[in-house]
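Given next are the chains, with one letter for each unit.
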Amino acid sequence: MTMVQALNAAMDVMLTRSGDVVVLGEDVGYFGGVFRCTDGLQRKHGRDRVFDTPITEAGIMGIAVGMAAYGLRPVAEMQFADYIYPACDQLISEAARLRYRSGGEFTAPVTVRAPYGGGIFGGQTHSQSPEAIFTHVAGLKTVIPSTPYDAKGLLISAIEDDDPVMFFEPKRLYNGPFEGYHDRPVVPWAKHPASEVPDGHYAIPLGKAATVRSGTAVTILAYGTMVHVALAAARDAQVDAEILDLRTLVPVDIEAIEASVRKTGRCVIVHEATRTGGFGAELSALVQEHCFHHLEAPIERVTGWDTPYPHAFEWEYFPGPARIAEALRRVMEE
Amino acid sequence: MTMVQALNAAMDVMLTRSGDVVVLGEDVGYFGGVFRCTDGLQRKHGRDRVFDTPITEAGIMGIAVGMAAYGLRPVAEMQFADYIYPACDQLISEAARLRYRSGGEFTAPVTVRAPYGGGIFGGQTHSQSPEAIFTHVAGLKTVIPSTPYDAKGLLISAIEDDDPVMFFEPKRLYNGPFEGYHDRPVVPWAKHPASEVPDGHYAIPLGKAATVRSGTAVTILAYGTMVHVALAAARDAQVDAEILDLRTLVPVDIEAIEASVRKTGRCVIVHEATRTGGFGAELSALVQEHCFHHLEAPIERVTGWDTPYPHAFEWEYFPGPARIAEALRRVMEE
Amino acid sequence: MDAPVPVRAPLSLHVPEPPQRPGSEIDFSTLAVPPAGTARRPDTDCPAADMTDLAYDLVRVLDDQGHAVGPWDPVLGPDTLVRGLRAMMTVRAYDERMQRAQRQGKTSFYMKCTGEEAIAVAQGMAVDRSDMLFPTYRQQGLLIARDWPLVDMMCQVFSNAGDRLKGRQMPVFYSSREAGFFSISGNLGTQYSQAVGWAMASAIKGDSRIAAAWIGEGATAEGDFHHALTFASVYRAPVILNLVNNHWAISSFHGIAGGERTTFAARGLGYGIPSLRVDGNDFLAVFAATRWAAERARANLGPTLIELFTYRAAAHSTSDDPAKYRPENAGAHWPLGDPIDRLRQHLIALGIWSEARQEELAREVAEAVQVAGKEAESLGTLDKGPFQSARTMFEDVYKTMPWHLERQRRQAGV
Amino acid sequence: MDAPVPVRAPLSLHVPEPPQRPGSEIDFSTLAVPPAGTARRPDTDCPAADMTDLAYDLVRVLDDQGHAVGPWDPVLGPDTLVRGLRAMMTVRAYDERMQRAQRQGKTSFYMKCTGEEAIAVAQGMAVDRSDMLFPTYRQQGLLIARDWPLVDMMCQVFSNAGDRLKGRQMPVFYSSREAGFFSISGNLGTQYSQAVGWAMASAIKGDSRIAAAWIGEGATAEGDFHHALTFASVYRAPVILNLVNNHWAISSFHGIAGGERTTFAARGLGYGIPSLRVDGNDFLAVFAATRWAAERARANLGPTLIELFTYRAAAHSTSDDPAKYRPENAGAHWPLGDPIDRLRQHLIALGIWSEARQEELAREVAEAVQVAGKEAESLGTLDKGPFQSARTMFEDVYKTMPWHLERQRRQAGV
Ligand SMILES: Cc1ncc(C[n+]2csc(CCOP(=O)(O)OP(=O)(O)O)c2C)c(N)n1
Ligand SMILES: Cc1ncc(C[n+]2csc(CCOP(=O)(O)OP(=O)(O)O)c2C)c(N)n1
Ligand SMILES: [Mg+2]
Ligand SMILES: [Mg+2]
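Chains as they are written, first to last, in numbering that gives the first Met the number 0: chain A, 0 to 333; chain B, 0 to 333; chain C, 0 to 413; chain D, 0 to 413.
Isolated chain A, as found in the complex (with noise of 0.2 Å):
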């Protein structure tokens, strides 16, 4: 099944299990989303358990706060993670606060859905991978899947989970694996294993890195589409890379991350988003923190570049396969 129909069966199998989970936001409804991860949710589960709502992020973001604190359990979708901004109040001064604030007595367990990254053509709003905002929020957890088995396990442990997370979905993942060579015909999701996806209920736990690729000459990090870029770059370098999927960003999985860096001795951070202040720059941190002894070369960053994502220029903006064997190449040398 493609990330589309995994997701779909998981906020069913969340929907059928719990009369308290609720899915919102724009186009959800009767039309099942623009990506269509909602399709037939409503006319399965009922107008007031899945719904469209009015055209403000901000207002969607209070509402499943107010719901949370009943008791819901709300997964609200973002139509694109670039519009997310209008909701980073209720987000970061609410959903993460909520449980503080009031000494465990109100909770926000909220899912918030987001398709993210760039590869669509979509332009700067509609291609964004906003992931290093919210990771430096307290409070809130943050899930990439990169698979359909992944994002089916991750999104139901996120709806189950009793904290607010944040859950992006790799758009460019959506319909098939991406390597990153977008002039390369498009391979569907049913030619990859992780496309055979169990029936009914089963949670991937948050906070668990997944090994990829076993390799001892470098550490790659890597979470949504660029695990599959990552993968082929290491593949088309030749480079023994070993390669580790973190799919939950906080918490980070330190003890994967420390484990396979201390064997490499080597570490190359691959992500989607821009490059300063991005999620890489935590982890960078965090390798160095941890691994400074038996760091060989410097940490590289693969990433977007500091601008907004061109519309025409999509592909010189995307951090391919070339740039990251380049990153590759260049540590192996040290």
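Treat the hints loosely; a few may be bogus.
[Claimed, not checked] Below, simulated EDC-like cross-link-like pairs (lysine to aspartate or glutamate); rule was C-alpha separation at most 16 Å, straight line: (1) B/Lys207 to B/Asp239; (2) D/Lys323 to A/Asp182; (3) A/Lys262 to A/Asp235; (4) D/Lys373 to D/Asp151; (5) C/Lys323 to B/Asp38; (6) C/Lys398 to A/Glu332; (7) C/Lys323 to C/Glu95; (8) C/Lys383 to B/Asp239; (9) B/Lys262 to B/Asp239; (10) C/Lys373 to C/Glu24; (11) D/Lys383 to A/Asp182; (12) D/Lys323 to D/Glu95; (13) B/Lys207 to B/Glu195; (14) D/Lys373 to D/Glu95; (15) D/Lys398 to B/Glu178; (16) A/Lys262 to A/Glu295; (17) C/Lys398 to A/Asp38; (18) A/Lys207 to A/Asp239; (19) C/Lys373 to C/Asp151; (20) C/Lys398 to A/Glu104; (21) A/Lys190 to A/Glu178; (22) B/Lys262 to B/Glu295; (23) D/Lys323 to D/Glu24; (24) C/Lys323 to C/Glu16; (25) D/Lys398 to B/Asp161; (26) B/Lys207 to B/Glu257; (27) A/Lys207 to A/Glu254; (28) D/Lys398 to B/Glu295.
[What the hints assert, rightly or not] Estimated spans, in silico, between C-beta atoms of each pair: (29) B/Arg42 to D/Pro41: 37 to 45 Å; (30) D/Ala365 to B/Gly18: 46 to 54 Å; (31) D/Arg102 to C/Thr399: 32 to 40 Å.
To be clear, the hints were calculated from the coordinates, so they are not data collected in a lab.
Cβ coordinates follow ideal geometry from the N, Cα and C atoms, glycine included.
The hints should help you fit chains B, C and D with the ligands onto chain A, whose structure is shown.
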């Protein structure tokens, strides 16, 4: 003069020099601001140059962007940096990107002033340091002064800058320098050399750090309140630290950082903001990238904890001189 | 555009100014105050479009002689009235003591609601104990109307060892799940849409509890106000949206909030929400309007917006000095009087009260506040402690402490 | 609360649903359409409170026979009328060609405004050329009404070497300082408060230019809408706030935006802003209402809110398929007709137009669009280029490129 007076002087100078400068925000008009930074400016420059706004940070930013697009240079006050989140969309999607998306035809030279940081028993919503959210945004500059002299010169530069500038003012320094010993008597600015502030116009260039203490043992990177705390820590720990006051976070003065760390081989980064994904992460990543082969010890970050700022435990939260001194001793042991 | 470009006159900016500033006499004579009893009372199922006049009128029940008049008289029994009086007096005494404690350095900050006591107290009494309240920092009266222990409130203000919020919040940012009192946010406005979300959740679950929210006239400019009204209107949420127009937002008057050319109740009309404008210093009017709105909500008729027309008699907070921006002692001239005086006068007019009983009640209230104050202070004050363990600083960020917080906790040595 | 807790009936959530969904016949028969010419026309200095009826009425000038009737008839000369017709036809032909280009892979995306042409064209003509416009993505007609070169617009759509926006923006997110057309944002609503800020700046500087902004009925739910109305009302900003109610926001109907129980024009009343509801498919009504609002603004009388009542006849964008959520071909049944047909009928009724001249004009327009299209394509298309230099990707992030972008540019090898 105090930092409050220096900021007031900067706005006064700019309001006088250019009819395009306007000052707006909650309570900034007749009353002169809850911290008195705009005291007297409305009386002097008129009600349509310095005025109170409705309480809506998003509205203030939208209005300011429109005014800037017209050709004005609005100086918008956010009453506390903690209340800036509703303005995120207008800041990140609009002010930061207007020049880019319009091919350079429209610009948004807005200066956003906001008191930030803790130390006044403000609890979680009057103590935050959200700079890292904005340093991640391409198109924004971020400036944080640490003395009255710098505050005036940097604010004038910010207002004259043709790009939007986030100008965070360490509220704990408004009326006196602060070394982080909350139980010692408050020292007034009058006794500090940088409280000598010239009349009239002068500018401190954005993007240039200041070396506030030369040393050879370790480099401390700091800004705002933490500059004074770092100085105290170095003195108390008797470590010959070189202390850089970054002053501008984006674009950061990489040359100064690189030169210092190459010399000392050690680096401690301090900020009051929460640790994960803070600007310290970017600094750590940069230092590691630029000075890897010169580093003799892991880079340390001394920061606020990853929790909201608690009212009663303010001083347990604050990264005071003792914590910095500890870090200094740790890096010197390596 | 078809003709040559015409010559246009220069534009100018209008910046609202309050009628008086420090130095001049306060003058409320231009304020239009309709007599008590004149506003009509529509049925609770009246469509919004058929009651737009009430967004500009003023629902008042108590006349100048202390008689309850007109269709909005809620006809309350003596016990309820005395309970209301006691609660309002308790709020005022509590405020006095806490403000004094702040001046004495026992805490960092305090906010009074002087002159606005009728609002929270009458509204707290007019809804069910199980309904959920989303207040601002000026509705301490809700807790008191719900008989929440003063000691618990004071412990919050002192951030002491007895503070259920573990010293995390600034004073007055109470929270009590048990009291149906939602955690107060420092960020203005956010609770308004949350209340609508809570009410929608209650409706989704087929529950019968409704929600009520409060916002200041100043904070209505925040986006959350708009979002709350939009969602409440679209989904007919069972919520009472209260808007306290006390004429000031720190130093800026209601004209800066958009109250110069219309009422705040009128905001609701634009969303098709029935909207009432009510004398906020009139215990009976506030009670009646709230009951009316609650009935609507319970009958699935949706939200009501209530503008509570009042005056902030005291400073904004202990950090504020109103003499800097408005004539001194402005509150004493408020033409709609003092809510406590007016209810006392009513009780006397009813023949069930006397100055002697009033004094007795005042003594009782003072005593209760003093006893609670002593007990709370024995559990600690901000200047001296004791506090909860500093270790609690790292708790409740998440349900379970993740590795990085665990590590930081150890670093902090707590 | 004084009695024991009463037993309450269960609540339920109301979720608005459009009257028809795919599979059923479209039916607009319940839509109340007042006859043309019946809405009154107040003087431009009429206070908002004295014209609230116009927020619920519908300003219409063209009747079913194509005659201009009633007080709102702007009495335009033949040249202006024909210019309007030509511009609307150009918009439609332009839309057709660009949509086709998208289908052919020459660009990534396109958005038509079919059925809404009268709005941007008449409004663009009713304000001064020097006034500043803050549009959404569906007011391409403004540029065409201002005779902005089609080639320039097309180059933007193709992101090609001739694109002044350097290939940075998605198609249709035009920007032209020279045309007084503000850079369109992908984030809904943001332009609304910006327009108010621009207008306030104009007033501060004693300038005479006013601003006009557009927003869709769906996007009115964003906070920016509220902020715009609040600031415009408080400072009496010289701005025309246009609200295009085309009944759909991608897949959700106007009821989800809060239009089920009231009009969108009514939103303005709550802020004391004079508000008009206008037949958006009636070129003359749109023109007249806009002129009226512009006059108000120019006379320092402040903002006007205009709801343009229309219907989105086409898909939301090339990424959308409306057959998934509404009956097919819904737009063809819109009771207020097609704006181009209605203006043509009016010209014929005036006796200054014929089917022959109409056909001639259609040919001229088609030819102009084709010529422009060829020229634009010769400067490049998204699938094949050429583009501006990739180096431009790093420019204009800041006025001067800082070290880190300079470094990244070198890394990118451009
Ligand atoms: C988002 C946000 N912006 C600004 C503030 C600072 N602030 C606290 S109270 C206040 C005035 C509020 O006035 P109003 O809403 O009328 O309530 P009142 O104090 O009169 O009860 C302001 C500006 C804040 N707490 N939150
Ligand atoms: C902040 C934001 N949220 C969501 C979107 C996605 N989006 C683009 S257009 C649209 C519908 C807008 O409807 P409306 O305002 O009625 O304008 P119309 O398309 O009908 O002209 C949505 C939801 C967006 N662009 N920006
Ligand atoms: Mg107020
Ligand atoms: Mg629409």
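- Task: May I ask which of the numbered hints given earlier this structure violates, with the numbers listed in increasing order?
- Result: 1, 2, 3, 6, 7, 8, 10, 12, 13, 15, 17, 18, 28, 31
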